[in-house]
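Student: Heads up: the sequence lines are chains A and B, in that order. What the first sequence shows, in our numbering, is residues 69 to 183, in sequence order. What the second sequence shows, in our numbering, is residues 4 to 115, in sequence order.
Among the clues, some could well be false.
Some chain A residues flagged as far from chain B (calculated, every beta-carbon gap over 12 Å) [as the list claims (entries may be wrong)]:
1. 72
2. 135
3. 145
4. 148
5. 150
Okay, the calculated beta carbon distance ranges per label pair [said to hold, decoys possible]:
6. 13/B to 163/A: 29 to 35 Å
7. 73/A to 43/B: 15 to 21 Å
8. 82/A to 56/B: 46 to 52 Å
9. 63/B to 127/A: 46 to 52 Å
10. 86/A to 63/B: 43 to 49 Å
11. 75/B to 82/A: 24 to 30 Å
12. 42/B to 138/A: 26 to 32 Å
13. 62/B to 82/A: 28 to 34 Å
14. 70/B to 145/A: 39 to 45 Å
15. 54/B to 119/A: 33 to 39 Å
16. 119/A to 13/B: 14 to 20 Å
For the chain B half of the interface with chain A, some residues (derived, Cβ under 8 Å), not all of them [as the list claims (entries may be wrong)]:
17. 37
18. 47
19. 105
20. 106
Honestly, the hints are just simulated from the structure, not real lab data. In this text the structure is predicted, and so the values were computed from the model without any measurement. Idealized CB from N, CA, C, for every residue including glycine.
Residue-level listing of the chains:
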Amino acid sequence: EAQVTQNPRYLITVTGKKLTVTCSQNMNHEYMSWYRQDPGLGLRQIYYSMNVEVTDKGDVPEGYKVSRKEKRNFPLILESPSPNQTSLYFCASSPETGTGRQPQHFGDGTRLSIL
Amino acid sequence: DQQVKQNSPSLSVQEGRISILNCDYTNSMFDYFLWYKKYPAEGPTFLISISSIKDKNEDGRFTVFLNKSAKHLSLHIVPSQPGDSAVYFCAARRDSNYQLIWGAGTKLIIKP
Chain A
69 EAQVTQNPRY LITVTGKKLT VTCSQNMNHE YMSWYRQDPG LGLRQIYYSM NVEVTDKGDV
129 PEGYKVSRKE KRNFPLILES PSPNQTSLYF CASSPETGTG RQPQHFGDGT RLSIL
Chain B
4 DQQVKQNSPS LSVQEGRISI LNCDYTNSMF DYFLWYKKYP AEGPTFLISI SSIKDKNEDG
64 RFTVFLNKSA KHLSLHIVPS QPGDSAVYFC AARRDSNYQL IWGAGTKLII KP
């Protein structure tokens, strides 16, 4: 089954404790992206990747890191999480190099709570 | 500054009637628009899209209308069904870097 898989689905942690949210897709997609969803703000892009070893900042990259060492994986790293990073996070992938016309396929989300 | 606005946080419609969801944008350089649907505890799924060179696109029960002069698009669902109850997001593509700007979403409730 074609899918985008995020782990963990839920996480409660404390300020400053490094964490990684994994994202994996099995559709051989070139483009991958991370979003955060906050009430009243919709989805905001954190980072995106057009291909392996190619990543770029989205609209809200501060406090986050990503890497794209393999095509299928695009982990999101919070080196020193803070309470303002409490949010619902989505990973997405798309078959083409991010022109925006091809629909993105989303994971089911990761709810992070930073205390 | 929200460039894509969905001003109705929620909308309630009787089953079988038409649902109309609205989206306004401020940036005239947006050239492609998409609607996504989201159920609780799931990620958004693509519904329908429209290019800025068109004013209407139809797919089954779903039709999207684009009014460029008013910077307004709408999604019509006819007839509305219980399974349409979800949050609907409007997204616009920036022609400069092809990234999407998303609205805050409208929660659609279909009443039996």
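Student: Failing hints, ascending?
Tutor: Violated hints: 1, 9, 11, 13, 15 and 16; rest satisfied.
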